[in-house]
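Protein chains in written order, with the numbering used here: chain P, 2 to 449; chain Z, 2 to 523; chain U, -8 to 115.
Worth double-checking, as some hints may not be accurate.
Stated by the list, open to error - Derived lysine-lysine pairs resembling PhoX-like cross-links, with alpha carbons at most 20 Å apart:
1) P:Lys303 - Z:Lys516
2) Z:Lys228 - Z:Lys260
3) U:Lys92 - U:Lys17
4) P:Lys18 - Z:Lys396
5) P:Lys63 - Z:Lys114
6) P:Lys303 - Z:Lys463
7) Z:Lys396 - P:Lys33
8) P:Lys18 - Z:Lys228
9) Z:Lys508 - U:Lys77
10) P:Lys303 - Z:Lys514
What the hints assert, rightly or not - Between beta-carbon pairs, the in silico distance windows are:
11) Z:Pro77 - U:Ala66: 53 to 61 Å
12) P:Ala26 - Z:Glu475: 44 to 52 Å
13) P:Ser94 - Z:Glu52: 35 to 43 Å
Claimed, not checked - Examples of chain Z residues toward chain P, derived with CB under 10 Å:
14) Ile24
15) Met115
16) Gln131
17) Glu226
18) Arg497
To be clear, the hints were calculated from the coordinates, so they are not data collected in a lab.
Fair warning: this is a prediction, and the values are worked out from it, not measured in the lab.
C-beta atoms are modelled at their ideal positions from N, C-alpha and C, and glycine is treated no differently.
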Amino acid sequence: MRYLPLTKDDRAAMLNKIGARDIDALFRDVPKAAIVGRSAFDLPDTQGELEVERALSRMAAKNVSAGSVPFFCGAGAYRHHVPAAVDHLIQRSEFLTSYTPYQPEIAQGTLQYLFEFQTQVALLTGMEVANASLYDGSTATAEAVLMAQRVTRRSKAILSGGLHPHYAETVETVAGLSGRVVRTPVTPGNTEDIEALIDDETACVVVQSPDVFGLIRNLRPIAAAAHAKGALLIAVITEVVSLGLLESPGAQGADIVAAEGQSIGNGLNFGGPYVGLFATREKFIRQMPGRLSGETADASGKRGYVLTLSTREQHIRREKATSNICTNSGLCCLAFTIHLSLLGEEGFTRLARANHAKAAALAERLADLNGVSLITPNFFNEFTLELPKPAASVVDALVDKGIIAGVPASRLMPHDHAARNFLIVAVTETVSDEDCDALVHALGRAVQ
Amino acid sequence: MTMNNQGRPTAPGTVEESELPTISGDRGLDHEEPLIFELGRSGMTGVDIPEVQVSDTHLGGLRRRGPIGLPGLSEPEVVRHYVRLSRMNCAIDAGLYPLGSCTMKHNPRLNEKMARLPGFGDTHPLQPEQTVQGALQLISDLMRWLMVLTGMPAVAMSPKAGAHGELCGMLAIRAAIHARGETRPRILVPESAHGTNPATAAMAGFTVDEVPATPDGHVDADALEAKLGPDVAAIMLTNPNTCGLFEPRIKEMADAVHKAGAYFYCDGANFNAIAGRVRPGDLGVDAMHINLHKTFSTPHGGGGPGAGPVVLSAALAPFAPLPLITHDGSEFRFIEDRETLPHGAKPFGRMCAFHGQMGMFVRALTYMLSHGADGIRQASEDAVLSANYILASLKDVMSAPFGEGPCMHEALFDDSFLEGTGVTTLDFAKAMIDEGYHPMTMYFPLVVHGAMLIEPTESESKESVDRFIHVLREMALEAKAGKTTRFAGAPRLAPRRRLDETAAARKPILRWKPKELPQAAE
Amino acid sequence: MSEVRFTDQHEWVRIDGDTATIGITKYAAEQLGDVVYVELPEAGRKVGQGGEAAVVESVKAASEVYAPIGGEVTAANPALGEDPAKVNADPEGEGWFFKLKIANAGEVAKLMTKAQYDAFVKGL
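Bound conformation, chain P alone (with noise of 0.2 Å):
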């Protein structure tokens, strides 16, 4: 087996060297009924490369891959351009193969990054501090709403029906546990009265903009209704590009921000791996879960940075820790840095306005579609349209002439009969104006 160093010979000697007469006798505290032999397995021997190249290819190549197709899917997770520079850097053994930086000395690499990668997240969400990441943006969502928990005192939390339902479902499994979660119906394209449920047990209100549908919050009338009755707003952002063309949700007012970073450095990967991001006001960083990396001096005087403030973390804190996550998503957070340090606000705000301007070009053409209407009237990169009949229909459909054109939002909400007609579409810098006019014509025939 290619990977295992060890020969017949040496395995030979170390046994001896142990004192101990065969690798059975190593396992010795294991109860004998429980030892198992290679026939209890029912799973192939070892393979090569090229066998295990051939086999997985052939499983790949079963699936449309996005670049291979017009393709329009949103939803909280985006298809952008990414650099080749990121993803040879973040293949660099010293980034891949190294483990979290316990040992600061020889993890400056690491540590620098965090710290390059929280200032980076402060930055964009308007916040005064952020951490090193969490596993994705409806998990920081759910750990948004433990903090303003432990934060306020007090258990309510309101959920915007605008919150993508894959987050919302997150929030209450976990959340549902120690308080109560409240969510307002979806109400697509129109403003829903949020602020009028917020009392004096709010914990906190989880708004998402642009929320599930494509549709701009306005997240100030929120901010100062939750603020009145000392609830914390929490602001979540799925694409997180549309910071370089809106306004920050901390110039809003929000007090936590918890967003999906996938967009900036990060592949599709079917849903996974991602990175959360994390930030909040400088008074709540004690209540912050997650890793964070601080400046500070070594013996010699230089600057270093290290790990810090873990008392808030599980590996210390045990059961009384601000949460138990134990790992971040480092080399999503470096390919997130990496792709953010290339664009810079040049390029970062060039994107930004490159993926509204084909999103509002293509949204008014589908709009004058006969029996087409665009019910998102502000957006970013992604809008609905409602479509004269099921939307899920219409993209199997389009399937058939190669064309993905969108998220139906049956897909997630399919008890929600009211939203059976609605179509999510996005429109990023890697859709091609030839892409574009594909999905006018497709989708105009669908729906005679």
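Add chains Z and U to chain P, keeping to what the hints say.
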């Protein structure tokens, strides 16, 4: 003779040991590197994107007004910056990385290549099912490998890391207990447990009750049985345990737990010691997460992303979270909501958006197919063999609290051999850095004083392990002989000397700010 | 006339009339190492004898501080927020944690005297 004086000196000459400071502040191949924010200039970019103007028509009056504050750099500058940062890191590819309980094994590059096939890496989690049948097949195949290797009937794939898997398992247990119409608030956790166990139990709404360890490093099975009762929901137990030992009374404990109406959660962090030889299902486990980044070598990546699927017993299987994957005879299908549940399914909820860490699934399945069941078994055996070889080779000079019996995949030492030397576990570990090694895990598990936990993994050749043993022996002998200069203040040869963690925690600086503005956390 | 008593959890309490000033002992401060953060109770909070009242953190550990005696918190040491190092520099003086209004003076009798505490620490 003719004197040819054109030759230059070719011998290395004598090396001055003094630390002559360089003009640049860099030292040969080691460069100091500022923050990205201290580099760059406005207007520059490393990505060429055409400029377009956009109207405010669809922005709802929420267009960004001020700048973000990101620096502008060209591509070569960004590449150099991150290459230089990378060179300040220790990595498995570059050397033995004996971090106990972390499993720093070789990361085959084929895994990376496969994860980047467009059919996997460039597919969207919500694109129509008929366009991702290969991806669903991959997940389904991986599920089968995990179930067969563990001898368990079900597996939940969505948890994103080990701790997330623990939470998934504990929520399944909670749901199963509620379904029986019971409330059981208490979880038993051994004092040797990893910190995530009590943290998870608390997060899942339980209270934690500690079970002591016996003097020989095992969970006190008698104490455990005495603590069982109608209010106990489960025990969370790591096996092999955090001392690197297999729990010999595991089956007995599982039986007692079941008899008391509770469930057995096994922390699968150390599954790599027994994979292919022992099936946790045969030990009475009800739920166990598998750290794909440890046992199946999807890389650690400097602290993630990981993946933590959870195998479940028949009793817990109905409560597995959404989404589920089914095969209707012709096609794979996702079950993503409660409207279309198969008979008997009672999911407790959802762990995250979408379906889990697909990129890690591809890497793990690639690893499994490469090894095969025989290779996985051999890997476990080699990992255990190497750890025992280290234990046997060092226990005469370093103190091994449980050195009498065999260990599993990691060898545990304590600091009693350093008593009276003035050298601490920390000094000893930091001195290893100067010798070219990443330190072992220190001060964990907590049940041993000044713990040093060494996990060589199966990826090291005998020559590599022998050299490592030689270095540690010499270090131990020097410390004991009172030659302590190499320990005090070590490391000397790393990119940084010891860092001031106290200052970092007292006045946290968690982000860069421009010089003219006051620092963040003051 | 003030009187100082100790607990086996390494808190000290100075009794001045019906006011108790509470902190951690020199021994505890040495054991913890460099204190980096102290979480103090807000004024007005009522704590029972032995109840969790504060948290003291070093880089690698967090420890609960229990109220040696029950009562209502009247003040927390404002200096510790800015300079937690005071706990190490002067644990039984400037590094005090909080003050409370004693609810039941009878509880004092359960606490150790200086001599008893010193003997207790010696035996650890």
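Right, here's what the structure says about each hint:
1. P:Lys303 - Z:Lys516: holds, 18 Å
2. Z:Lys228 - Z:Lys260: Holds - the C-alpha atoms of Z:Lys260 and Z:Lys228 are around 13 Å apart, at most 20 Å.
3. U:Lys92 - U:Lys17: violated, 24 Å
4. P:Lys18 - Z:Lys396: Since the Cα atoms of P:Lys18 and Z:Lys396 sit roughly 12 Å apart, the hinted pair holds (cutoff 20 Å).
5. P:Lys63 - Z:Lys114: holds, 17 Å
6. P:Lys303 - Z:Lys463: Answer violated: P:Lys303 to Z:Lys463 is near 38 Å, above 20 Å.
7. Z:Lys396 - P:Lys33: Distance ~28 Å between Z:Lys396 and P:Lys33 Cα, so the pair is violated.
8. P:Lys18 - Z:Lys228: violated, 41 Å
9. Z:Lys508 - U:Lys77: Distance ~14 Å between Z:Lys508 and U:Lys77 Cα, so the pair holds.
10. P:Lys303 - Z:Lys514: holds, 18 Å
11. Z:Pro77 - U:Ala66: 53 to 61 Å: holds, 59 Å
12. P:Ala26 - Z:Glu475: 44 to 52 Å: Cβ of P:Ala26 to Cβ of Z:Glu475: about 29 Å, so the range 44 to 52 Å is violated.
13. P:Ser94 - Z:Glu52: 35 to 43 Å: Once the Cβ atoms are compared, 38 Å apart, the range 35 to 43 Å for Z:Glu52 and P:Ser94 holds.
14. Ile24: violated, 16 Å
15. Met115: It holds, given that the least Cβ distance between Z:Met115 and chain P is near 5 Å, below 10 Å.
16. Gln131: holds, 6 Å
17. Glu226: This hint is violated: Z:Glu226 lies away from chain P, its Cβ roughly 17 Å from the closest one there, beyond 10 Å.
18. Arg497: Hint on Z:Arg497: holds, closest Cβ of chain P at ~4 Å, below 10 Å.
In the structure shown, a violation is registered for the earlier hints numbered 3, 6, 7, 8, 12, 14, 17, in ascending order.
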